[in-house]
Amino acid sequence: MATSVLEHRAPAIHHAHPKTGIWSWITTVDHKRIGILYGATAFLFFLLGGIEALIMRLQLMGPNGKLVDPDTFNALFTMHGTTMIFLGVMPLSAMFFNYFIPLQIGARDVAFPRLNAFSYWVFLLGGLFINASFLVGAPPNGGWFGYANLTSSRVIAATAAAPAPGMNIDFWVIGLQILGIASIAAALNFFVTIVNLRAPGMKMLRMPMFVWMSFVVQVLLLLAFPVITVALVFLMMDRNFGTSFFMPDGGGDPIMWQHLFWIFGHPEVYILILPAFGITSEILPVFSRKPLFGYTAMVFSGIFIGFVGFGVWSHHMFATGMGPFADTFFSMATMVIALPTGVKIFNWIGTIWGGSLRFTTAMMMALAMVALFIIGGLSGVMHSAPPADLQQTDTYFIVAHFHYVLFGGSIFGLTAGAYYWWPKMFGRLLDEGMGKAHFWLMFVGMNMTFFPMHFLGLNGMPRRVYTYPPGLGFEFWNKFETIGAFILAFSFLIFLVNIIKTWFGPANAPADPWHGATLEWSIPSPPQEFNFPKLPMVGSSVPQWDARRAAGGHLPEPALVSGADIPMPNPSYWPLVSAIGVFLVLGSLLFIRVNPVHWWQFTLFGVAVLFFGVFRWAFEPPH
Amino acid sequence: MAQAATATAEMSPADEHHWTSTGLDSRKIAIWGFIGSECLFFASLISTYLVYKGKSLVGPLPHAESQCLLHGKMQTCEGVFETPLVTAGTAVLLFSSFFVVLALYHAQKGNRAKLLGWLSATVMCGVFFVSMQVYEFTHFYHKGMGYSTNLFSTTFFTLTGFHGSHVTLGVIWLSTVLILAARGKLPPEKSLNLELAALYWHFVDVVWIVIFPVVYLMR
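Line by line, the protein sequences give chains R and W.
The first sequence begins at 0 in numbering that gives the first Met the number 0 and counts up by one.
The second sequence begins at 0 in numbering that gives the first Met the number 0 and counts up by one.
Take the hints with a grain of salt, since some may be wrong.
To be verified - To give an idea of the chain R side of the interface with chain W (calculated C-beta under 10 Å), a few residues: (1) Leu221; (2) Val226; (3) Gly249; (4) Asn594; (5) Trp598; (6) Thr602; (7) Ala607; (8) Val608.
Said to hold, decoys possible - Straight-line distance between alpha carbons at most 20 Å, and here's what the computed SDA-like set of lysine to any residue pairs gives: (9) R:Lys533 x R:Ile493; (10) W:Lys184 x R:Glu619; (11) W:Lys52 x R:Gly249; (12) W:Lys27 x W:His17; (13) W:Lys27 x R:Ala558; (14) W:Lys54 x R:Phe442; (15) W:Lys27 x R:Trp616; (16) W:Lys54 x R:Lys202; (17) W:Lys52 x R:Ala558; (18) W:Lys52 x R:Asp248; (19) R:Lys202 x W:Leu23; (20) R:Lys202 x W:His17.
Quick caveat, the hints were computed from the structure, so don't treat them as lab data.
Positions of the beta carbon are idealized from the N, C-alpha and C atoms, including for glycine.
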């Protein structure tokens, strides 16, 4: 590879920018460090969402559960959904986007390194903002979908447990707007990075499948998030300024919220799953020692999923009674989307067919992802038929479905990615023994938790209800599920122990521990700040395999080089200042109720901070 | 594109630093991506306006007479729109797109005096448009049309208000570039800084070309 051209053996690493200390993390614009920040933050939020789920499972373990009251249960399922989607799966995907899109396309950083830092800080502040609601006793409690007119109501019900009456939904509305800004900024950045920073020779149809699926995700983010932003603005106006966007007493229509929400919400589903598809498509070929089967079909089926994903939103709304024409259209569109998904599944099977398989933890996670996603995908096709959906909607059958696609699909895919790319990110291989234990407990726990939900749902157990009476036949499976949930949680404890143990172990990972196919394996683990001493020249979709073949099967370890002559972006704190500005502008809207007369002064202060930050950023020399 | 053809293993670090796959500056692609995203933003606002068109429970209405609450009692009031004024604002905004094209042309040619002239004209057009909107909103308010009066007023103020805030941001951006140009910091090789602002400006204009007929002309 290009790296072996440079025979600098001196291990002296170029220290243009300080590499340690809190300040270096606050001002970093290195995509790899920002990726690690995303991953660490998202993993903490993921654990928080998991604890919320465990409390719900304890409450539902037996009939007439007394652990939490109905209000708390509402807050738990709302925050579990919101946290897992916006603060768990999306930023965990963003970790991989950050770290591996530039490495896989042979770039030195993303197109806009400071914008990347800005995205992270806005995401962090937004996540903290939503969760700060717990501190004032007003956690969001209207479901992650926030249906009007439950959420648009102007009536403020104060309870003893809630010293900040009625602010629950305001935290959610404002928090999601903050997170939306982070998502759009990041999506724009990765979109441009993939279009414009590919190494010489890397045509679009030579890009690794993870980059391709990430590309589709960025387009979905760019097109879906403006819609939810508009919907959230409407909701905020209804709650605070007496408008009637979703209020029937002023002529508005609550169904309008559902349309706007799901026009965002369904593409969001693909935003959550396509990164996991991409990761799986990276891992299966490497551990099967075969190229990805049907590369071009995989690319276009991903694009097709993204495209049709914008035309199926109303299948979340069959129960609202849209009429036969709309029902038929959205039913058929939903069935159509099963086709490209099926293409992907058959191509994954085609990839491992006849390969020489290595059952590493990453491979097992990826295979489980395919298997579990098939189950969730099939139940998804079941609800695409409106008559069936009317029986299943609002029951645990739906909960089973989306946990098979989001846990069985997204989380298994992301965990596979964690085991696969850990050595590249930290220079250490995770322990395979503990990895296998993690895998089996996670696999068993996941199926114990979510599979019986199919039975419970078909037997009529409703979602989002805090308890159930005895004698309906729900007792056994609920107890079984709760045990499964704790096995699942325990598996992640093993993961945590694995991380801690290897962290203090030797940095033993070679540059290419798995004999990978893509460019990230051609450079040292972890990569140097500039990634590539020379931009690689790419001649196929499996450049590292080409290099290995050309070298007769054995590649020397790439040498560390000084890189002193490579211009890299300077660290900057203006992205953080600008992010604080965004946070203040939107956060100030929380005080409309507290101080209806003077709240806007706070907003103006935020605008001033934002403009100051953006102008200093714009006029700061980037290099 | 020329760069793509000359990509070799012998690129110097400086060449590599300026390498892009398309040969275009990344900032330009970012603006186009941002505009794509904004299209969905305005599409959602315009759709909501259209969905709720004619569904207001009380007046005032855009064109027709209606019953509305004014000075504490229900009375008949006329349609609120002052189409001639807004048509003038529309024309001014359209001209500003023409002016910014000329400003960019002269920025690329290095004619600083003409650049400053046309760019100032662009900014002034933007200021005129925003002022027109401020006047219009105030006028509506005095006619008894507040933000939450009815569905028409709510969707109208939200849609045109967001457009107006986009115009305001454009004015701030173009003014910043104008100050740079006046200080001689916009040489031809940096004209992209103006081109980016101009692309955004054209987009804001194009959105108005949709809003104007849909909101003001369609009955």
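Hint check: 10 Å Cβ-Cβ cutoff, Gly249 (chain R) to chain W: With Cβ-Cβ at 7 Å, under 10 Å, it holds.
Chain W contact restraint on Val226 (chain R) - CB to CB distance below 10 Å: With a minimum Cβ separation of about 5 Å from chain W (threshold 10 Å), the hint on Val226 (chain R) holds.
Given hint Asp248 (chain R) paired with Lys52 (chain W) - CA-CA distance at most 20 Å: With a Cα-Cα distance of about 16 Å, the restraint between Lys52 (chain W) and Asp248 (chain R) holds, given a limit of 20 Å.
Restraint check for Lys27 (chain W) with His17 (chain W), where alpha carbons must lie at most 20 Å apart: holds (14 Å)
Proposed interface contact between Leu221 (chain R) and chain W, which counts if any beta carbon pair is under 10 Å: With a minimum Cβ separation of about 4 Å from chain W (threshold 10 Å), the hint on Leu221 (chain R) holds.
Straight-line alpha-carbon gap Lys27 (chain W) to Ala558 (chain R), limit 20 Å: Given pair Lys27 (chain W), Ala558 (chain R) is violated - Cα atoms ~36 Å apart, limit 20 Å.
Lys533 (chain R) paired with Ile493 (chain R) [C-alpha distance capped at 20 Å]: Violated, because 39 Å separates the two Cα atoms, which is more than 20 Å.
Agreement of Lys54 (chain W) and Lys202 (chain R) with the hint, judged by alpha carbon distance not exceeding 20 Å: Not OK: Lys54 (chain W) and Lys202 (chain R) at ~52 Å, beyond 20 Å, violated.
Given pair status - Glu619 (chain R), Lys184 (chain W), alpha carbons within 20 Å: Holds. Lys184 (chain W) to Glu619 (chain R) sits at ~14 Å (cutoff 20 Å).
20 Å Cα cutoff - pair Lys202 (chain R), His17 (chain W): holds (18 Å)
Given hint Leu23 (chain W) paired with Lys202 (chain R) - CA-CA distance at most 20 Å: holds (15 Å)
Pairwise hint evaluation, Gly249 (chain R) against Lys52 (chain W), where the allowed Cα distance is 20 Å at most: holds (13 Å)
The structure shown violates the earlier hints numbered 4, 5, 6, 7, 8, 9, 13, 14, 16 and 17.
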